[in-house]
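Protein chains in written order, with our numbering: chain Z, 3 to 271; chain X, 2 to 204; chain W, 21 to 344; chain R, 3 to 203; chain B, -4 to 142; chain G, 225 to 415; chain E, 2 to 442.
The set of hints was computed from the structure by calculation and includes no laboratory data.
Derived lysine-lysine pairs resembling DSBU-like cross-links, with alpha carbons at most 30 Å apart:
hint : chain 1 : residue 1 : chain 2 : residue 2
1    : E       : Lys312    : Z       : Lys214
2    : E       : Lys440    : Z       : Lys101
3    : B       : Lys62     : E       : Lys391
4    : R       : Lys59     : R       : Lys194
5    : E       : Lys233    : E       : Lys17
6    : E       : Lys400    : W       : Lys343
7    : E       : Lys391    : W       : Lys90
FRET-style restraints, in silico, Cβ to Cβ:
hint : chain 1 : residue 1 : chain 2 : residue 2 : range
8    : E       : Lys155    : W       : Ser227    : 43 to 51 Å
9    : E       : Glu364    : Z       : Pro207    : 32 to 40 Å
10   : E       : Arg360    : Z       : Lys244    : 54 to 62 Å
11   : X       : Trp16     : Z       : Arg150    : 26 to 34 Å
Yeah, the Cβ is synthetic: ideal placement off N, Cα and C, and Gly gets one too.
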Amino acid sequence: MMEVFVPVITMGILGLLFSLGLVFAFRKLRVYEDPKIEEVSEMLPQANCGACGYAGCRAFAEAVVKGETTPESCPVSDAEGVKQIAETLGVTAAEVVKKLARLHCRGTHEAAKDRGTYLGISTCDASHLVGGNKQCSYGCLHFGDCVRACPFDALYMSEEGLPVVIEDKCTACGKCVEACPRNLFELHPISQGIIVFCRSLDRGPVSRKVCKNACIACGICARACPEAIIIENNLAIITDYKKIDPEKIPEIEKCPTDSIGRLKKEDEG
Amino acid sequence: MSTKTIGQEFIKGLWDENPVFRQLLGLCPTLAVTGAVINGLAMGLATTFVLIFSSLVVSSIKKLIPSQVRIASYIIIIATFVTVADRFLAAFFPPISKNLGPYVPLIVVNCIILGRQEAFSSKNTVWRSLIDALGMSAGFVLAMLVLSAIREILGAGTFLGYQVMGAWFEPWIIMILPPGAFITLGILLALALHIEHRTKSRK
Amino acid sequence: MTNNAFILQSSPHFKDKDSVPKIMYAVIASLVPAVAASLYFFRFRALVLLVSCVATCLVTEALFLWLRRKPLHSLFDGSAVITGLLLAMTLPPSLSVELAIIGAVMAIAIGKQVFGGLGYNIFNPALVGRAFLQTAFPVAMTTWIPPATLKIQTATFATPLGNLRFEDAIARGTLTPLKDLFTGNVGGCLGETSSFALILGGLYLLSRRVIDWRIPLGILLSLTAFTGAFWLANPEKYASPLFHILAGGLLIGAFFMATDMVTSPITPLGTWIYALGIGIVIGLIRLFGGFAEGVMYSILFMNAFVPLLNRYTRPRILGEGRKA
Amino acid sequence: MKLSVRMVVVLTSIGLLSGSFLATVGHLTKERIALNKQREIEEAIIQVIPGTVSTQKLYEERDLSVYGGKDEQGTVIGFAIHASGIGFQDRITLMLGTNTSLERTNRLAILDQKETPGLGAKITDAESFLQYWENRDCSGAISLRKPAARSAEELLPSEINTITGATISSEAVLGIVNSSLEHTRRLLKEGKLSSEAQDVN
Amino acid sequence: MRDKGLVVDTKEDLAQVEVQCFTDACHKCSAQSLCIGQNQSKGLIMVRNPLRASPGDEVEVEIPDTKYSRYLILLFGSLLVASLAGLGLGSLLSPLLPLSSSATSLIGLISALIIAGVFLSRYFRAKNKATLYPVIIEIIKKGGRHG
Amino acid sequence: MELVAIFISAILINNFVLYYFLGICPFLGVSKKIDSAFSMGLAVTFVMTITAVVSWVINHWILIPHELDYLKIVSFILVIASLVQLVEMFIRKISPPLYQALGIYLPLITTNCAIMGLALLAALRDYGFVEAVIFGFGSGLGFTLAIIIMAGIREQLDLAEVPEPLKGAVIALIVAGILALAFNGFIGMIK
Amino acid sequence: MSTKTFPHGIHPPEFKDLTADKGIESLSPPEKVMIPLLQHFGKPAKPLVQKGDEVLLGQKIGEGQTLFSASVHSSVSGKVISVDNYDHPGGTPVPTVSITNDGQDNPFSEKKETKDPFSFSPEEIRQKVREAGVVGMGGAAFPTAVKLSPPKDKPIEILIINGCECEPLLTSDYRLMLEAPEDILKGAELARIATGAKRIIVGIEDNKKKAHEIFREKIQSFDFDGEVALLKTKYPQGAEKNLIYALLRRQVPTGGLPFDVGVVVQNVGTAKAIWEAVSEGKPLYERVISVSGQGINEPKNILVRIGTPFKNAVEFCGGLKEDVDILVMGGPMMGIVQWSLDVPVVKGTSGILAWAAPRPGLEYPCIRCGRCVDNCPMTLVPTQLARYVKFDDMSAAEKWGVQDCVECGCCQYVCPSKIPLVHWMRVGKNRIIALKQKKSA
Ligand SMILES: Cc1cc2nc3c(=O)[nH]c(=O)nc-3n(C[C@H](O)[C@H](O)[C@H](O)COP(=O)(O)O)c2cc1C
Ligand SMILES: Cc1cc2nc3c(=O)[nH]c(=O)nc-3n(C[C@H](O)[C@H](O)[C@H](O)COP(=O)(O)O)c2cc1C
Ligand SMILES: Cc1cc2nc3c(=O)[nH]c(=O)nc-3n(C[C@H](O)[C@H](O)[C@H](O)COP(=O)(O)O)c2cc1C
Ligand SMILES: Cc1cc2nc3c(=O)[nH]c(=O)nc-3n(C[C@H](O)[C@H](O)[C@H](O)CO)c2cc1C
Ligand code: SF4
Ligand code: SF4
Ligand code: SF4
Ligand code: SF4
Ligand code: FES
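Generate the whole structure from the sequences, applying the supplied hints.
Shown next, in the form of structure tokens:
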């Protein structure tokens, strides 16, 4: 009898002690949270990129559940995902305005001349520190810091030597904007018509010398559409994208260096 | 919970979620007992036994266990089956039991088993849990076999004790010793990652 | 005067003439006496091992460079040649070529390339290769033949240290004379026998400032202190420090292997600790361990501490800790 | 509150259930395991004391047990010393058979070792090691011949041959044997090895 | 280490914050499912709240992880030393007591641990709030729920 | 000195990680930063020492006298789990912030086979009380040594161009292999 | 006399003999000058003139706005043709005033100082120095007026006049010391008065024995507590932290300034500029530069107007040789490469150098030889720092002291692997600053 009794009792006591300990621990450790947060969180892309302005997908989920923000504020979610979240929470989703990163330079290897033989570290920020490897002091340095910074593999370096945005993959997270030492990226709504593809503040003759595709501040575009385009510091600047009259676009696109206009096929991924 | 078919449930353990190569779980026994195929096999089977029975028990009583004590309950259940396996080996296969030393009892802390209970059996039906356990075990046994085969063949020139390499072959003793275990597993893992990478990029 | 001709770079624009290949080839040059000695003492065996190790190292290195899509010029930086040479120099002359080749592959593959190649390895590649061989083929790696100059025909032969450690040489009065240790007329690994040749090479490296003087000095000091203490206490049982310095792989280790810059600390204090540590571990293994020789293990063991040493012995920055 | 109670109850009952299950399993396997152990020992004793028909445990402490091997008549024809100690890397357990006066060895058997395969593990190998242990004079300490003698004939009666390349393992076995022999001799002198003391079985 | 997080709850001068790194790390950890402290797998931590952040705020938290390691080393180091000392003392005292040496060592161990525990809890009581809690160093974005 | 031999051999020769392959999970998992490796090491050492004591007591005072050795596995694992729980509660009591920092690797200790392996090995080898304690302490130190070395190396390898497929666990395993080779040098030092 | 020095450092080839014995020649002002509004450490000056304005020699054309900013003056008389972005030897374009020279050099201010300069109060001296737009001419171009205003709680004991000129090739400071020792010492005395220092030490390397002798002789005639110290020829003897250590065995705290150890360091050229500013009210519109290097046909030391294009200076020295492939402003160790000869001479230009660089050695991975560690005058661990930056572990880089790197280039000079260590340091510092800015934004 003892042979069975002792082990059973031993195990029973061990189990009892153990469970008492757990009960004790459990009662000190409880936290409450809204189960919806978990649900929403699972619907998010889990990229944790921070593009929504929150600390990560969970934080965003929490904010959505609490009504502090709307489901479509996550730029990475596709329309489907947004709808799903909105349904879960019983709200209607607003229309998503998809934005894309756009490069404001057309200084390809061919167009923009090299300053000399660059022997430094092969990153844009390093090159920028010594004045850059390009004669143009404002344009793309071609080392692709932006490409490396993109968490979504939405950028690649083209043969011509400029970063290209793959529109399907770009989530407008803004990492490339941060990464570029020359601030050549900007986020634009996908429908954006006209963009200035140059950042050079050099005087016309100088910029013409250093880059074939430079804005030479000739003013054709500004004259075509003075309410939206001005020339400042030797560069065309679009002051208000909304005021560009679509009718005038052909006029604007007469730019002798093509440094303002609509996106061309070769700029797209 | 799971939307996989039964077949997928089983197959995933072999590769996609292979406990050793993909999840890096249960590396201790994998490294320790794979010096000879027979030991690796025995260990794999003992683990299989424990995994299957614990999964069956856990999935059938999952509703009864409050989640706060689930880990503790799993541990007791697992330990029970480990003891059974250990006693069984000691009673009927004393030489193997001696070779495996403390590693059979150590199945109790093998993360694969506890992990499967927590991640799968506690949420799925008995039937699915059984398939999952079978798949995982198969994956584990497979890993043990591959590793122990490499180590035994290179390290002793034998497979399951039978001479497979010619007399010319000078056994690489290092392979049966700890350094060989680490290095072989490392290389196998690298291969696994490489294959995974390849198949992924092809998709 | 074309604009595009100028160089663009960050300062400084003056650079010293020394380069990695120059350093590596200096080491190779300094190994010439020892290689010559090994050829003299072990004749054809030495040649075969040296050639096969160097060739295998180069081939393996090339293979990995190709796999990793790295420029092939790194193949000629000389480091793989050193690895091959030093591996061969630490092999027993009777070792078969197949085993030597396995060792050389392992040295480059798991000793160097898996870490990212030149400059990134934690452990001394040649010694990783040798340790692999020693553990994989312990018998072959501890079977010695006498040098050709001795003109004796025996199947087995003890190294001076093996003789000391396992055959009670002092008690039996058969301890190898220091003179033979100095010239190299003893059994042992290819390159470790001739202390004279090694010292010659070592002095050359020191004078060219290729190696850090702290390392050989620290090793010699701590080994002398360690073995000296035991020797003074009981000269009947323990050999003199000089014997320990001249015997076995100590000199090749202290001058050529512990000094491998990649696997030794970069800070001065760290270097001292590393060197003293190697000496003590060698002493421990030689006097109390299971092996007659401990140079390889102690260098590998201390290699493992190098990252920790670097981290915890960062020199004080000029002005650090002063109040602003 | 209800949850806490449930936690305790569930865990305790799992414990109780597992306890009873294990008690059963333990009970069922106990004899067999004990038998296995005993058989292993017995086989070793028979191996190291040829002619043994039955065995008896004469003395036991940690790392050293002494068994008596008996012939048909029940007289002790030799001692089997079961001892262990540290080898090259891990423990070595061995069984040494001697005559009843502890002056000659019969045979040596290695029961458990984790020496390097192909090297230290040769201590389990009759040809390279165990053969030298037959019929050695062990009235004093046994010693090791190093470097190894070419044949058994060259050895002194109290000498055994080293395994080339595995001196440490050879020395370790020798050390275990010598110290356990000495210990046993002391026991014998103190009369603690009387065969009536206790019976195995 | 610094990390961004979201304030979930506040209590006196402490706040409960969900931080990213813990969740990230936990998602990758193979022992994740075994985490006994449920808080951990959600990345919930208690932090000092000198800036008076309120729930919903997004904050930056400074987590003194090297400091933790130092104190953990101290904690376990002293427990270790105490237990070894207790064991040693206990076994030394065994001839004086009518107990086996293992029993006295055990008693020594337990008493040493209790003593060490008392000292440590005194020591840490002073340290806890002052230096050990992570602290909110910046409120990045005010949440919606104030007042 | 038997005790010294047990101690040294537990640290250098029969190192838990490098020879017995016990505690590989934390060895690979918590060896990315030296600081946390060190505190993990000490935590394990402490728990190991105490486990050695407690498991010896359980084994010799309860299991062996009642011939319950088939309860060894269950009772050891439960004892270890409770012990970790106890440590956890103690830390929680004296320092909630430390508890919250440690929380991440406490579970790793519970399910760590090094602790269980220690209890089992001590029982298997029939160690006496003091021996068991020394064994536990030494094994803990051995674990700590191995994990700190590993952490140092991995911090350095974070700054190396390790080929992509070899990063992480793979290179860690290979380093462990070479470490095991290097530690081989101490074999035979204890006789 | 024993020579003083500091630990570590290197001995690059000097090549000073190219220009050491050549007296300072004046380069006549060019047709057109381009005067950048940023020639100093800090914010650009605010332009005071517009396109079309007539300006006179020495007229202020840019007003330093903030504390860390300096005024800029015209270096010729003539007409402003543009105020625009223009290339700068620093690498990136800055706002620049371009002026056509009318060749008259009509001075802006006629009034000569009548008062004895040494009777000015410290505040007056600072005021005049600030008015004259004087900036440090030792390299960093730090506004001198700021340096002459030590904080109240940091009394200054010693003023060090830095005459080391430890960079290879450069000899402009040397010539200045030979040709205008009195002006330098007078300027030093003014700086001493402004800072309230008790003592002046002039530090000169022992490869400039002649200058040392002259100074030892001249200093006798001044009644301040002065000393001329001979320093070992070693690079970077002139770096202020090392100089202070060599002369005084004091260590400037990391992240601290010479103030913190009661010291102010001024370059010899700066001292002369201070004297001219205070005694004559002459703004800093011209300076001495060395045009040298094996790639220059006739290396010389010349006095040039600020804003003169490099091209004019180089042509005055016989132009570039055919095989030139590197053009540097400043010394070969710390100077900045130029890609064109169109950039103007600025206040911080100490030399224009050109030579045929040997083919760049292949870059290898760091072999941890430790030479960089053994030679870093700041006792940093450059190899580790570069790795941290490369693998983007900025907090570790910060902890290991990237920000204490003075970019002297010793580490990179000795590195057998030819790793651009200094470039990595600069990238590292830059990234840390960017991170901090992002934090505070
Ligand atoms: C990996 C390795 C394993 C070894 N294993 C053993 C062993 O199990 N037993 C042993 O005695 N020697 C072993 N040795 C060799 C010993 O360290 C030592 O060299 C040898 O005992 C010396 O004996 P000898 O003089 O007969 O060569 C091993 C060596 C290596 C490298
Ligand atoms: C923010 C800042 C403030 C400084 N303030 C002073 C100062 O008040 N007094 C001074 O003597 N130097 C000051 N310095 C200048 C430095 O000490 C140093 O002289 C200057 O950076 C040029 O040094 P270098 O030519 O050795 O590079 C300051 C530097 C910085 C960056
Ligand atoms: C590496 C290095 C080398 C320097 N060498 C000199 C030098 O040779 N002569 C000099 O006057 N200043 C040199 N400086 C600048 C001094 O540190 C310091 O800034 C200067 O003497 C301050 O005087 P200033 O403000 O009048 O220019 C050097 C700075 C550094 C970082
Ligand atoms: C002084 C010196 C010693 C060296 N010693 C070794 C050595 O012992 N083993 C080796 O494989 N390579 C050696 N090398 C070559 C090289 O540094 C080594 O292969 C690197 O570890 C590869 O990254 C040495 C190089 C130098 C300059
Ligand atoms: S000129 Fe304009 S387009 Fe050309 S490189 Fe510069 S910024 Fe780019
Ligand atoms: S866009 Fe900017 S970051 Fe990208 S390659 Fe060009 S310069 Fe570099
Ligand atoms: S790290 Fe900086 S201070 Fe040190 S040698 Fe290099 S450049 Fe000079
Ligand atoms: S000098 Fe160059 S190769 Fe040597 S340690 Fe420094 S960075 Fe590495
Ligand atoms: S399997 Fe051993 S620690 Fe996880």
